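Student: So the chains spell out like this:
Protein chains: 2
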Amino acid sequence: MLKQFQIPQENVVRVDHNRLRETTKALFVGHGVPEADAEIGADVLVRADLRGVDTHGVSNMLRHYLSDFKNGVINPTPEIHILRETAATANLHSDDGLGVIVAPKAMDLAVEKARNAGVGMVTVAFGRHLGMASYHAMMAMEHDMIGLCVTNAGPRVVPTFGAVPRLGTNPIAVAAPAGTEPPFVFDVATSVVAGNKIVIAQRLGNKLPGGWVAEADGSPIMGDSDPPSVDVAALLPLGSKRETSSHKGFGLGCVVDILSGILSGGGYSMFPGRPFNHHMVAAYRIDAFSDVDDFKAMMDEFLQTLKATPPAPGHDRVIVPGEPEWETEQERLANGIPLHREVIDWFRVTCNEMDILYGLE
Amino acid sequence: MLKQFQIPQENVVRVDHNRLRETTKALFVGHGVPEADAEIGADVLVRADLRGVDTHGVSNMLRHYLSDFKNGVINPTPEIHILRETAATANLHSDDGLGVIVAPKAMDLAVEKARNAGVGMVTVAFGRHLGMASYHAMMAMEHDMIGLCVTNAGPRVVPTFGAVPRLGTNPIAVAAPAGTEPPFVFDVATSVVAGNKIVIAQRLGNKLPGGWVAEADGSPIMGDSDPPSVDVAALLPLGSKRETSSHKGFGLGCVVDILSGILSGGGYSMFPGRPFNHHMVAAYRIDAFSDVDDFKAMMDEFLQTLKATPPAPGHDRVIVPGEPEWETEQERLANGIPLHREVIDWFRVTCNEMDILYGLE
Chain W
107 MLKQFQIPQE NVVRVDHNRL RETTKALFVG HGVPEADAEI GADVLVRADL
157 RGVDTHGVSN MLRHYLSDFK NGVINPTPEI HILRETAATA NLHSDDGLGV
207 IVAPKAMDLA VEKARNAGVG MVTVAFGRHL GMASYHAMMA MEHDMIGLCV
257 TNAGPRVVPT FGAVPRLGTN PIAVAAPAGT EPPFVFDVAT SVVAGNKIVI
307 AQRLGNKLPG GWVAEADGSP IMGDSDPPSV DVAALLPLGS KRETSSHKGF
357 GLGCVVDILS GILSGGGYSM FPGRPFNHHM VAAYRIDAFS DVDDFKAMMD
407 EFLQTLKATP PAPGHDRVIV PGEPEWETEQ ERLANGIPLH REVIDWFRVT
457 CNEMDILYGL E
Chain B
107 MLKQFQIPQE NVVRVDHNRL RETTKALFVG HGVPEADAEI GADVLVRADL
157 RGVDTHGVSN MLRHYLSDFK NGVINPTPEI HILRETAATA NLHSDDGLGV
207 IVAPKAMDLA VEKARNAGVG MVTVAFGRHL GMASYHAMMA MEHDMIGLCV
257 TNAGPRVVPT FGAVPRLGTN PIAVAAPAGT EPPFVFDVAT SVVAGNKIVI
307 AQRLGNKLPG GWVAEADGSP IMGDSDPPSV DVAALLPLGS KRETSSHKGF
357 GLGCVVDILS GILSGGGYSM FPGRPFNHHM VAAYRIDAFS DVDDFKAMMD
407 EFLQTLKATP PAPGHDRVIV PGEPEWETEQ ERLANGIPLH REVIDWFRVT
457 CNEMDILYGL E
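Protein sequences appear in the order of chains W and B. Okay, so the first sequence: first residue is 107 according to the numbering used here, each after it adds one. Okay, so the second sequence: first residue is 107 according to the numbering used here, each after it adds one.
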């Protein structure tokens, strides 16, 4: 994790993941979410915290979700229904349901379809934020499938040469199982950094490195800068500027908009009438293509080869996608999830307000 | 196109695309490729030239293909066969066939499967270079489908923090039809630039911008530099360095290795026993998810919204993926394809050597 995102030691409170999950679930239930759905949602959020994806865990996201349940932006009891369906595909209407809860159901359907047809691909229209995209992609691995998840969001990212944000951070997640190695888990925004990273840098009072954000006129800021207000921050697409191929990050963001928002019929990042998020999940059954054991053995070899790469000066080792998150998950399962004292305070106050037993500390 | 890749005017010879296609086809046939296959291969190469993707057109690629036919690395008459198959998927053995010819056949199969199952996904093991990946992705659009194509290649790209190339430039192409707008066509290497761009910069005697290549010890070169010899050039993953998220480009390159090389059973970029390229093509039937006319209308709106973005200082307009290639194609269809005099000379000599009628000029 870049130092910009580390909580200073004196502000850290370690919380047991089971307690955090129970409390989060209770808060969902307290906002009208059925118990089984609340359990799914809490697991997605806490898994993000366990894996060190703090931007998508309870600290950054839960208070937004709860406030959106309250103000009617998120429907706690959506009637999810199928708009179109084929042997390998479906398009679901999310009925304003929270993606954190709906996307796992979409992936269940994709897995079922892949079991029959080799591949399953499910789009979800008219949803809300789905949290850590790799959670949903990782679900496929339990079934010896490769998982994929993309989702679009409101405009935060400037196109290459553009002065105004037009795309969401539109993340892409891909998860593939290995044998003895931890699985390959790729989960990235198509901007240089996810929007929530600006919030965290602001909270911690750290500067942003060059290449992350644009001036108000769209010009890439290539030197260190103070974090802008998160409401006005225009993020740069992966690649930062044209000379280093920001058109590739921009194009990837468009691909996500097309495969989630436009293919589902919901709408692209700039589509009038947001705050929707539209999703796409897919599952590829490994044994539709190859022998599962052979695949996993080759994945092990691939990941080991990458890890064994001689490092460049100033670095200890090459890190493969999903490796730091896997290591963090082992450590946090054992020692608890480090939350900022301010987040703990929010939990205490919110639980008290809602007559929910507060048991984090 | 960046100025680094433009041929100086005094060395340009304009060639009619039909003549170039016929000559290329004749050269394929002269190397033992059956006529129908030669026609496919020539069309893929010349389409790259028409679209301004000169790195993957006749000038950079044809001589390598012909020399590999001669030395037995590419099989001119492969027995392509199905290794595994389900309703929506297949894994093909390419029998050392040239990807430029085999990938269109794989996409035909993906389209057929998508027609029945909603999605078709076909991996190809033990192939060779497939040229401009977007050619194959674009094939799906004629059937009102979204097309996707990825392929892996031998190691040219250093992992983030790594000193030795471990991944190919492993491109990703996605094509989606619009209504009145030119289609969305995304086609990029997962490195900052494709390897062939170094060759072209060398030929034209231009400097490389910072953020493209690494020092011999793996350190990213962030200032302008002379192009290294193409044999030793270590390319940087999209993102250039860790602070600007090169781990995302690195991870995308891994995703391509997994979906093409490992899923097909052929092998990843570093797999011993190359020079294979392994591919994956997919077709998503739009009406499996949404109404086709609605999709195209929303694509038009999406692309128009992006193009109408106010430009950042120093730029005229925002350019959407596929737009410059589409404009170049219209211009080159009318005025001919600009080839470097050196390439024309090669054609003349090669045709003469093989007793093929030379008719480019």
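It is possible that some hints are incorrect.
It does not matter which identical chain is used: a pair holds within one copy or between any two.
Okay, derived cross-link-like pairs now, EDC-like style, lysine to aspartate or glutamate, Cα gap no bigger than 20 Å in a straight line [claimed, not checked]:
{"id": "1", "residue 1": "K176", "residue 2": "E431"}
{"id": "2", "residue 1": "K313", "residue 2": "E349"}
{"id": "3", "residue 1": "K413", "residue 2": "D323"}
{"id": "4", "residue 1": "K211", "residue 2": "E429"}
{"id": "5", "residue 1": "K313", "residue 2": "E437"}
{"id": "6", "residue 1": "K176", "residue 2": "E435"}
{"id": "7", "residue 1": "K211", "residue 2": "D422"}
{"id": "8", "residue 1": "K176", "residue 2": "E321"}
Because the hints were derived from the structure by calculation, they are not lab data. Source: prediction; values computed, not measured.
Student: List, from low to high, the hint numbers that the structure doesn't satisfy.
Tutor: Failing hints, ascending: 1, 4, 5, 6, 7 and 8.
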